[in-house]
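There are 4 protein chains.
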Amino acid sequence: MIEAGRDVEFIKVGDLVSVPFNIACGRCRNCKERATGVCLSVNPARPGAAYGYVDMGGWVGGQAEYVMVPYADFNLLKFPDKAQAMEKIRDLTCLSDILPTGYHGAVSAGVGTGSIVYVAGAGPVGLACAAASHLLGAACVIVGDLIPERLAQARSFGCETVDVSKSATIAEQIDAIVGAPEVDCAVDCVGFEARGHGKDAVKEAPATVLNSLMEITRAAGALGIPGLYVTGDPGGIDDNAKVGRLSIRIGLGWAKSHVFTTGQCPVMKYNRQLMQAILFGKINIAKAVNVEVITLDDAPRGYRDFDKGAAKKFVLDPHGFVRKAA
Amino acid sequence: MIEAGRDVEFIKVGDLVSVPFNIACGRCRNCKERATGVCLSVNPARPGAAYGYVDMGGWVGGQAEYVMVPYADFNLLKFPDKAQAMEKIRDLTCLSDILPTGYHGAVSAGVGTGSIVYVAGAGPVGLACAAASHLLGAACVIVGDLIPERLAQARSFGCETVDVSKSATIAEQIDAIVGAPEVDCAVDCVGFEARGHGKDAVKEAPATVLNSLMEITRAAGALGIPGLYVTGDPGGIDDNAKVGRLSIRIGLGWAKSHVFTTGQCPVMKYNRQLMQAILFGKINIAKAVNVEVITLDDAPRGYRDFDKGAAKKFVLDPHGFVRKAA
Amino acid sequence: MIEAGRDVEFIKVGDLVSVPFNIACGRCRNCKERATGVCLSVNPARPGAAYGYVDMGGWVGGQAEYVMVPYADFNLLKFPDKAQAMEKIRDLTCLSDILPTGYHGAVSAGVGTGSIVYVAGAGPVGLACAAASHLLGAACVIVGDLIPERLAQARSFGCETVDVSKSATIAEQIDAIVGAPEVDCAVDCVGFEARGHGKDAVKEAPATVLNSLMEITRAAGALGIPGLYVTGDPGGIDDNAKVGRLSIRIGLGWAKSHVFTTGQCPVMKYNRQLMQAILFGKINIAKAVNVEVITLDDAPRGYRDFDKGAAKKFVLDPHGFVRKAA
Amino acid sequence: MIEAGRDVEFIKVGDLVSVPFNIACGRCRNCKERATGVCLSVNPARPGAAYGYVDMGGWVGGQAEYVMVPYADFNLLKFPDKAQAMEKIRDLTCLSDILPTGYHGAVSAGVGTGSIVYVAGAGPVGLACAAASHLLGAACVIVGDLIPERLAQARSFGCETVDVSKSATIAEQIDAIVGAPEVDCAVDCVGFEARGHGKDAVKEAPATVLNSLMEITRAAGALGIPGLYVTGDPGGIDDNAKVGRLSIRIGLGWAKSHVFTTGQCPVMKYNRQLMQAILFGKINIAKAVNVEVITLDDAPRGYRDFDKGAAKKFVLDPHGFVRKAA
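From first to last, the protein sequence lines stand for chains A, B, C and D.
When we follow the working numbering, the leftmost residue of the first sequence carries the number 34, and every step to the right adds one.
When we follow the working numbering, the leftmost residue of the second sequence carries the number 34, and every step to the right adds one.
When we follow the working numbering, the leftmost residue of the third sequence carries the number 34, and every step to the right adds one.
When we follow the working numbering, the leftmost residue of the fourth sequence carries the number 34, and every step to the right adds one.
Calculated from the structure, these hints are not laboratory results.
Watch out, some of these pointers could steer you wrong.
Copies of the same chain look alike in the list, so a pair counts if it works inside one copy or between any two.
[Said to hold, decoys possible] With a Cα cut of at most 30 Å, we get these calculated DSS-like pairs of lysine-lysine:
id, residue 1, residue 2
1, K115, K315
2, K302, K45
3, K275, K341
4, K199, K232
5, K345, K232
6, K236, K275
7, K111, K302
Construct all of the structure, not just a fragment, from the sequences and the given hints.
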């Protein structure tokens with residue numbers, strides 16, 4: 034007798050679920066090919082949709098008391114046991130976006146057993162990427178940022194750190210850590226809002242991260258790029274930046290046969306496995322990204338702190354649901 | 034400036050190295066395609082060679098004071114720093130065979146982030162496979178055997194266990210652990226020397242493991258089969274077994290779209306990454322397989338204990354090199 | 034400006050579509066992971082469903098004037114242009130089952146550029162697999178069967194052939210064709226209804242194909258197994274065969290590090306690409322499998338001819354739709 | 034009995050072989066991982082070496098009567114049968130560089146069964162990439178260039194063409210061919226020496242190809258980039274170009290989740306399979322790239338014609354070996 038197992042049941046009212054930040058129809062070519070981050074049908078403007086973002090399909094944002102989830106039977110991930118899930122609820126909130134996004138960055142950079150990884154940025158995505166890299170078996174995870182509080186947070190769960198404001202290139206600091214000026218895999222968790230390195234760390238320099246990652250990534254290595262690059266940036270530093278055109282040392286990457294993977298994380302490709310890793314206690318993501326659960330009324334304060342570079346991931350909890358559990 | 038990195042240097046006299054158990058030429062089609070376990074040129078009888086085994090090329094065994102390593106520049110893995118390596122030397126001895134073999138079983142069964150894994154057998158290969166599964170991010174690793182000491186060893190590093198002598202099928206015990214009678218991935222670390230399950234646990238039953246793994250592996254799951262199956266077994270239980278023909282429930286595996294990966298581990302595909310994982314402290318393989326380092330003179334005692342089912346991996350140390358380090 | 038492209042629209046009444054033979058919900062874990070051949074929800078008995086088969090979910094068969102397609106928005110493949118599709122309609126009928134099934138066998142055997150492939154069986158699945166192997170860039174496709182008419186059909190589109198009734202092993206015939214007694218990839222398009230080879234070709238011998246494929250497949254090669262193996266066969270040749278247990282030379286496959294991929298083809302993983310290959314004239318599948326379009330009334334005759342070993346693929350055309358187009 | 038097959042023998046004096054353009058040691062980490070294009074040991078300046086190029090290890094060039102091949106037992110590909118090889122010798126000369134390079138571009142762009150592909154550039158690499166795309170099963174291969182003779186050459190073996198001098202963007206021309214303004218896969222076979230499109234086709238515009246490929250490649254598609262980008266170009270159009278920094282619309286690629294694979298082709302990853310495809314008549318690469326075999330003395334003329342945009346691949350034949358065969 035062959036049993037169908039426990040994944041059979043569909044979503045029912047009352048289930049406890051995770052909602053991926055990307056909205057996907059489950060029927061178009063891209064969804065069928067697991068590229069739910071660029072679903073072809075839920076956004077008339079372009080492939081890919083999300084809750085509450087400009088240019089992402091006009092879906093009302095998730096930062097509210099209730100949210101309408103289209104194609105819910107496809108999009109939602111059900112937690113198998115409600116009581117068990119409540120014990121890990123702070124971690125499980127990270128399945129909507131931050132953990133899969135960091136994990137996708139690591140996976141697309143080729144992180145696996147024994148990798149030496151450099152993660153650019155110790156904001157929530159960078160910290161999640163660092164934690165995911167550990168889960169993937171990386172030997173050494175090095176996180177770079179210029180905010181001391183964030184670097185301390187990275188060190189709190191076993192990462193090495195690089196302070197990018199200390200030197201014009203980061204190769205020396207990496208050399209001091211692993212005995213060679215290069216890494217196997219690099220992940221850009223910063224994107225176009227980067228500042229320069231060394232004495233330029235006060236200035237916007239949108240191509241800094243990509244260019245420095247090519248410098249320190251070994252030949253035949255790969256770069257994961259979950260950090261956001263936009264098609265237009267009205268406040269860009271020059272005419273090129275305003276249309277999303279950056280000055281990139283592509284010749285350097287080419288000489289090293291680098292592979293670059295860009296774009297938003299297709300959450301559904303990873304969230305079930307990551308849920309299992311959380312439920313069985315293999316990753317403490319809430320601790321790694323330093324989750325702080327706040328009320329909806331407190332959201333403006335959360336945004337202010339985040340903009341100041343707080344080493345925290347704020348989780349909005351309109352109904353006190355998460356806070357009650359903790 | 035592009036640096037070539039630290040992997041450039043070739044092997045020199047005095048280097049501390051790991052010798053893979055498979056011998057490979059590095060020049061034939063299979064070696065070039067990373068299938069060093071079935072090198073086409075080092076064994077006139079058939080693809081694949083090893084030190085000191087019947088039918089594996091006639092190379093004198095590695096269980097000696099010295100060993101001649103053909104194509105040493107290709108086969109040897111150099112430890113980057115001798116002093117650092119000596120601190121982990123008990124773990125690093127496992128890179129020759131037992132860790133890559135267990136890891137290969139896990140990888141070919143599809144073990145990754147969040148997997149629920151069943152490992153058949155808690156001998157050294159099974160224990161290494163279980164430790165490798167944890168390294169690969171498995172959510173839950175369940176190990177089955179019938180020797181209590183070995184099961185206790187598996188539990189010592191975070192595995193769940195199944196006593197196959199307790200019931201005719203193992204699905205119930207798995208259900209009791211994970212809440213469903215099936216696993217995502219299964220690894221056969223036993224091979225043709227299997228005994229039956231339940232009350233048949235006293236009898237040889239060479240197809241038992243394969244058949245029971247098909248029962249408990251989910252549809253769309255995969256089976257890694259590092260456990261040895263032979264082309265001929267003079268002491269086989271019947272005429273079929275004598276020529277390596279076993280009675281396999283292939284219809285069951287087919288109905289579940291199972292994928293089966295057989296054969297000896299191509300050590301070089303994995304040993305560099307696993308070395309890094311050891312050197313950076315991500316896996317304590319010597320503890321997991323319970324390494325006991327013994328002299329060459331003590332080898333017969335080691336074999337006797339192993340045959341009795343000791344939960345130990347014996348490492349021969351002819352020159353006292355490893356024992357001095359510990 | 035980013036255009037969403039042409040794949041956006043959903044299914045509408047009046048569309049011309051292909052219906053995969055497997056029924057899938059699009060919402061369960063397996064469907065999300067593209068394993069639609071073992072969908073977890075459409076069959077209460079076990080994973081996987083199909084139209085009109087015993088034990089496959091109780092869905093009324095497709096060999097009728099009309100068929101109810103559950104989850105049609107997920108399951109159906111729309112042809113982009115109706116008029117263009119009508120010109121290739123005989124080929125496009127093969128997208129429901131036979132072409133993807135043969136293609137899946139080839140892909141899972143590792144067929145690609147320059148492969149030397151052996152396809153066991155020149156029935157419709159075998160012929161489709163041979164045609165798919167050519168499409169995948171195989172250097173040489175060898176098809177084995179014992180019916181002369183089917184072998185002639187295989188030769189008609191550039192395959193080499195082996196008559197399995199001519200010799201006890203097929204290695205010599207392969208040697209005569211490619212100058213070596215082995216192939217890179219082998220596909221079992223026969224399954225448990227196999228007969229023996231050589232003088233045993235008159236007798237049922239359900240493990241013949243698998244065992245002979247291990248003999249002729251190179252070390253490090255792979256076997257695709259789309260041919261059906263069942264969990265129970267009331268008319269089986271012995272007690273083992275009756276419960277789907279076959280006597281398999283697993284030791285031989287293990288010695289060669291073979292990988293075995295079993296199970297029904299997940300049609301949706303391949304049908305869009307294969308549709309494009311048909312529409313752009315890259316494969317003439319109707320000619321390769323020798324499609325004969327018949328009325329529903331003529332179906333009994335079609336089944337009789339098929340049972341006799343006709344080198345034909347019968348397509349039922351209840352409304353004369355296909356015949357009008359040709 | 035398991036036969037080792039025909040690939041066993043090592044290279045002997047008198048063998049007819051193909052020499053990959055990249056020089057590789059076969060012992061370093063990258064060679065073992067099949068990244069022979071960035072071998073770590075044969076070039077003191079940086080990873081990767083080749084015959085007769087500046088900055089590629091100082092190995093004397095292959096455009097001579099004789100060449101010294103280091104690590105010949107690893108680097109050389111032996112043709113199995115000398116007489117058979119002589120019949121296809123014009124095609125087999127393309128295995129050293131042009132065919133694997135074009136094939137690598139196609140493979141890394143994700144070209145496979147049913148793909149719609151755009152190949153930028155109809156020089157020898159572009160034409161080889163187009164031929165390789167057909168071999169890989171692409172449904173439709175569109176080649177863009179601005180030299181009419183080269184476009185005619187592309188059409189001669191079943192490609193569609195786009196004249197990039199005719200319009201500022203190429204999306205309209207693609208739309209006219211396939212009914213949508215986008216392709217599944219795109220390959221940059223031009224590199225930094227690109228000119229602009231439309232009326233800018235007379236000017237150097239080194240980022241033109243990359244930027245236009247992002248425009249026309251579908252969301253979730255990939256770009257293969259075998260076309261050369263350099264770390265420094267003394268004659269570059271501006272200060273950025275002089276150090277290999279180009280103005281790239283990375284935001285556009287990111288929005289579409291593009292994957293970019295750069296670098297020189299690791300020839301040994303592909304040349305055996307491509308040799309088989311040639312020997313069995315699956316690809317006529319000499320015809321596709323329009324091979325003209327010339328003497329060493331005639332080389333300067335060949336270079337002049339190539340610089341003028343001749344739709345030809347010149348093969349130097351110092352000893353008249355190839356010309357005698359034809």
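For each hint, the structure was consulted:
| no. | hint | result |
| --- | --- | --- |
| 1 | K115 - K315 | within (19 Å within a copy, 32 Å between copies) |
| 2 | K302 - K45 | both (22 Å within a copy, 28 Å between copies) |
| 3 | K275 - K341 | within (24 Å within a copy, 38 Å between copies) |
| 4 | K199 - K232 | within (8 Å within a copy, 47 Å between copies) |
| 5 | K345 - K232 | within (26 Å within a copy, 52 Å between copies) |
| 6 | K236 - K275 | both (16 Å within a copy, 24 Å between copies) |
| 7 | K111 - K302 | both (15 Å within a copy, 25 Å between copies) |
The structure is consistent with each of the numbered hints, conforming to all of them.
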